[in-house]
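Novice: Residues per chain are reported as follows:
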Amino acid sequence: MKMFTTIVESPKQIVKRDGTLVPFDYFKIRQAIAKANANVPSETLSDEELDRLTAEVVSHLDVNSNPGVEDIQDIVELTLMENGSSQTAKVYILYRAERAKVRKQKNALMETFKRLSFTEASATDMKRENANIDGNTAMGMMLKYGSEASKSFIDHYVLPEDMAKAHAQGDIHIHDKDFYLLTETCCQIDLQSLFRGGFSTGHGFLREPQSIESYAALACIALQANQNEMHGGQSIPNFENVMAEGVQKTCRKHLRDLLEESQLFGDNGLGEEELERLLTFDYEDLVASLAKRGNEATERREHALLELVQKRVQRSTYQAMQSFIHNLNTMHSRAGAQVPFTSINYGTGTSHAARLVMRELLRATEDGLGNGETPIFPVQIFKVKDGINSKAGDPNYDLFKQAIHVSARRLFPNFSFLDAPFNLQYYRADDDNTEVAYMGCRTRVMGNIYDPNREVTKGRGNLSFTSINLPRLGIEARGSIDTFFSLLDKRMDLVFRQLRHRFEIQKRKLVLNYPFLMGQGIWLDSNTLERNEEIERVLRHGTLSIGFIGLAETLVALTGKHHGESEASQELGLQIVSHMRKRCDERAREEELNYTLLATPAEGLSGRFVKLDQERYGVMENITNHEYYTNSFHIPVYYKVSAYEKIALEAPYHTLTNAGHITYIELDGDPSMNLSVFEDLILYMKDAGIGYGSINHPLDRDPKCGYTGVIGTSCPQCGRKESKQEPFERIRRITGYLVGTLERFNDAKRAEVGERVKHA
Amino acid sequence: MLDYWERRAKLLRRKPDQNAETAELGEEVRLASLVEESIVDGPGLRFVLFTQGCPHRCPGCHNPHTHLLAGGRLYSLEWILSLYDKQLACQGITFSGGEPFLQGGPLAKIAQAVHERGGDVITYTGYRLERLQELAKEDDGISALLAETDLLIDGPFIQERRSLETPFVGSSNQRLLALSIKGEQALEQIDQFNEFR
Numbered sequence: 001m002k003m004f005t006t007i008v009e010s011p012k013q014i015v016k017r018d019g020t021l022v023p024f025d026y027f028k029i030r031q032a033i034a035k036a037n038a039n040v041p042s043e044t045l046s047d048e049e050l051d052r053l054t055a056e057v058v059s060h061l062d063v064n065s066n067p068g069v070e071d072i073q074d075i076v077e078l079t080l081m082e083n084g085s086s087q088t089a090k091v092y093i094l095y096r097a098e099r100a101k102v103r104k105q106k107n108a109l110m111e112t113f114k115r116l117s118f119t120e121a122s123a124t125d126m127k128r129e130n131a132n133i134d135g136n137t138a139m140g141m142m143l144k145y146g147s148e149a150s151k152s153f154i155d156h157y158v159l160p161e162d163m164a165k166a167h168a169q170g171d172i173h174i175h176d177k178d179f180y181l182l183t184e185t186c187c188q189i190d191l192q193s194l195f196r197g198g199f200s201t202g203h204g205f206l207r208e209p210q211s212i213e214s215y216a217a218l219a220c221i222a223l224q225a226n227q228n229e230m231h232g233g234q235s236i237p238n239f240e241n242v243m244a245e246g247v248q249k250t251c252r253k254h255l256r257d258l259l260e261e262s263q264l265f266g267d268n269g270l271g272e273e274e275l276e277r278l279l280t281f282d283y284e285d286l287v288a289s290l291a292k293r294g295n296e297a298t299e300r301r302e303h304a305l306l307e308l309v310q311k312r313v314q315r316s317t318y319q320a321m322q323s324f325i326h327n328l329n330t331m332h333s334r335a336g337a338q339v340p341f342t343s344i345n346y347g348t349g350t351s352h353a354a355r356l357v358m359r360e361l362l363r364a365t366e367d368g369l370g371n372g373e374t375p376i377f378p379v380q381i382f383k384v385k386d387g388i389n390s391k392a393g394d395p396n397y398d399l400f401k402q403a404i405h406v407s408a409r410r411l412f413p414n415f416s417f418l419d420a421p422f423n424l425q426y427y428r429a430d431d432d433n434t435e436v437a438y439m440g441c442r443t444r445v446m447g448n449i450y451d452p453n454r455e456v457t458k459g460r461g462n463l464s465f466t467s468i469n470l471p472r473l474g475i476e477a478r479g480s481i482d483t484f485f486s487l488l489d490k491r492m493d494l495v496f497r498q499l500r501h502r503f504e505i506q507k508r509k510l511v512l513n514y515p516f517l518m519g520q521g522i523w524l525d526s527n528t529l530e531r532n533e534e535i536e537r538v539l540r541h542g543t544l545s546i547g548f549i550g551l552a553e554t555l556v557a558l559t560g561k562h563h564g565e566s567e568a569s570q571e572l573g574l575q576i577v578s579h580m581r582k583r584c585d586e587r588a589r590e591e592e593l594n595y596t597l598l599a600t601p602a603e604g605l606s607g608r609f610v611k612l613d614q615e616r617y618g619v620m621e622n623i624t625n626h627e628y629y630t631n632s633f634h635i636p637v638y639y640k641v642s643a644y645e646k647i648a649l650e651a652p653y654h655t656l657t658n659a660g661h662i663t664y665i666e667l668d669g670d671p672s673m674n675l676s677v678f679e680d681l682i683l684y685m686k687d688a689g690i691g692y693g694s695i696n697h698p699l700d701r702d703p704k705c706g707y708t709g710v711i712g713t714s715c716p717q718c719g720r721k722e723s724k725q726e727p728f729e730r731i732r733r734i735t736g737y738l739v740g741t742l743e744r745f746n747d748a749k750r751a752e753v754g755e756r757v758k759h760a
Numbered sequence: 001m002l003d004y005w006e007r008r009a010k011l012l013r014r015k016p017d018q019n020a021e022t023a024e025l026g027e028e029v030r031l032a033s034l035v036e037e038s039i040v041d042g043p044g045l046r047f048v049l050f051t052q053g054c055p056h057r058c059p060g061c062h063n064p065h066t067h068l069l070a071g072g073r074l075y076s077l078e079w080i081l082s083l084y085d086k087q088l089a090c091q092g093i094t095f096s097g098g099e100p101f102l103q104g105g106p107l108a109k110i111a112q113a114v115h116e117r118g119g120d121v122i123t124y125t126g127y128r129l130e131r132l133q134e135l136a137k138e139d140d141g142i143s144a145l146l147a148e149t150d151l152l153i154d155g156p157f158i159q160e161r162r163s164l165e166t167p168f169v170g171s172s173n174q175r176l177l178a179l180s181i182k183g184e185q186a187l188e189q190i191d192q193f194n195e196f197r
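In order, the protein sequences belong to chains F and D. Position one of the first sequence corresponds to residue 1 (the numbering used here), numbered consecutively onward. Position one of the second sequence corresponds to residue 1 (the numbering used here), numbered consecutively onward.
I should point out that these hints are in silico values taken from the structure, not numbers from a laboratory. Some hints could be false.
[As the list claims (entries may be wrong)] Cβ-Cβ distance ranges computed for the label pairs, FRET-style: (1) F:Asp367 x D:Gly71: 43 to 49 angstroms; (2) F:Asp398 x D:Glu116: 19 to 25 angstroms; (3) F:Ile221 x D:Arg175: 52 to 58 angstroms; (4) D:Glu27 x F:Glu645: 39 to 45 angstroms; (5) D:Ile158 x F:Ala392: 35 to 41 angstroms; (6) F:Asp367 x D:Leu177: 30 to 36 angstroms.
Where a beta carbon is used, it is the ideal one built from N, C-alpha and C, also for glycine.
The shape of chain F in the complex, shown without the other chains (with noise of 0.2 angstroms):
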């Protein structure tokens, strides 16, 4: 660089935004304005002039005293326009405009933090007896600041701005941001292999389970394992077929324990041969053994034993489900601060012991916890399938009509259907790898793009998931179709992107930095991985979602009417989502990536974008009046429709959206007497070509007298009326979780709630 011709006093320091202190220096002052001119090729400052200018800056500066960096920057404004430089000048104040901005929303994280600190603590004093709500305990509050710095250095630091400022005026929703650079969603575990051979947990290590007892236990070990490793559901997608493995090996102990017993009493009668014969029985021979009966006098004594183990046998089971569904009631993950989000699956293993495994866990479900709560916890999905459940004389038709019987009672288990043409295609008999598995909150992945020969369920989740406003799209298309479509490719254009940059962050950690999900080869080929190795290659089985909330909305903006209303705006539904789905199979070819359409859950979401877009476009009629978008595809909850049109209008949305959907019927009333209604409404659903299901209705619980039902302002079994210091348990579902009172949903979600239409 040329040196500067004009040479004039200057201050010795100058006053940084912070208050310390620091040399003064000329360059600083002539890069700014150097910099600002570079962007107006009509006013170009020669390196003279910028000399000159910022000579003219430092002659304003009071020598004797330390300007501060406000001070110089104002008089550099001034002289720029008092020189002629207008243009400069206009881009200089922009930069610095910019700058102060990013500055404030730097400190808005604190701002954030005295919101947090100061707000729930009062809040907690005005209402002690909810103190045990999360967000209100220490390690609740620690996951809180800790997850508000993470979103803000992901803003600021990490975000391209696009994808940033998309994300904060709601065109998307980046879901988990504060996970950005740190996991992936979640995993449908594989126990079997897990357990081989035993495992750790990067803390212990635990030999392979001996009992049905530790096989219980040690799933919901692996299940808060991997829940500290991910940030979204951990669930295991053949829950029976694993348990059973833990039934046989408890038949074979309380068999030889039982053998043992009855020789210590006296001669139990057996000879040497039967002895033999019978300390090599599973649970399967024993049941195959009691259906035959003889005559002999061993035979009744052998008979009479086996029953004998069966009923122990059975006990054991029940024990094991009820510690499971407490343990995952009441366990913790993240540092204390919440219950792992915990799903399970099954409904098709025909073994005796996979038999016995679901219905004691059933009867488990149905008594509830402790003082006869609804568990909240696993979320249940009973696969049905036909010829296996779904009909009198299949093998397992019992254990559906049990399961609709829990259902009517404690909202669980929720439905996944087999036989729906999206799943149909993967699934092979007696290999339950090839049963689609959902998560609790809807997720489903099972195509595989990357590797076709592994369309798998066990060992793989979902990555991570964005979410469109869509009806933001239909309100600015202004009624032209075209112009919906053609804002949809751009916005979906830009999620493709930013769902890419987040794999490129994730892709780069190491096995060590998942040392049970990966180091314990949870996820799919991550055996094949050194612990020093980055994970691209197995992470490439998991999927990349689009989300999308509201198409009701967005149907009303574009044609005035919802798809519950009018043919012709469900054809237009299915329309968008089709050409959504085409989009992401196209990319994912492209890419080879996994790139999935998912009928985004909403918590948080739904009321998120409305109000974003109220302030943007005023309140207008059944798009943004309601505090909430109604859910991904779904027909609005204030509009009146038969459950069998909802399931008809919904299903066709099932087949397009691969990432996962749920379809929910709302019934008015308390459903346990009259469970062949809830019957027809599963097997219409599955008839439609819904994949995934759940019905609703009413489940409130008196504390006192332990009635359970549905509860108006007084209890029917004992009469008592609702106080304040007594309140009824109204447990409702939320995103396919139950939530145990409306107090812990968010705004928008309780109206949500408050706004549902029953179905029938």
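With the hints as your guide, set chain D onto chain F.
Specialist: This is chain D only, laid out in the frame that chain F set:
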């Protein structure tokens, strides 16, 4: 036992029926209200008419607003059936109230039309069946509705014997009585989940 598939097949066979006989029903019935899809008024999904007017006036009645004979509103039978025909998923109709047998004549006509469409008919009453059979000798409406009822849920509501355990009844003195094969099927439908209860 009538399983889901048979019931479903029946539902699918049931088509909106615009035959001449229905069109001639020039009568009206006095109702307190009408519910198109109910899960709490008999087995299966049901179309329910709550008739207006009741002589029993049981203490603790769930629907005291249905007692007055002059209350409610008149509905034409055609209109009720046209609504029923839109509810393809309903298994049948339930007459509740109020005391349905006060309007046995017009209700029997609706019941007949529902039968023609393949549905079943459940009638609640505060009378005991034996009393109704006596009354039927003098009253054509009562005898007509009895003849068209598949499942009768009879007896007054007695507050001291209030029951939450038995499906579809208010107090334990009330009985579920099958008056036809369809009525027996409805009872089986209720019982099929008993093993878990």
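Novice: For each hint given before, does the structure comply? Return the numbers of the non-compliant ones in rising order.
Specialist: 2 and 4
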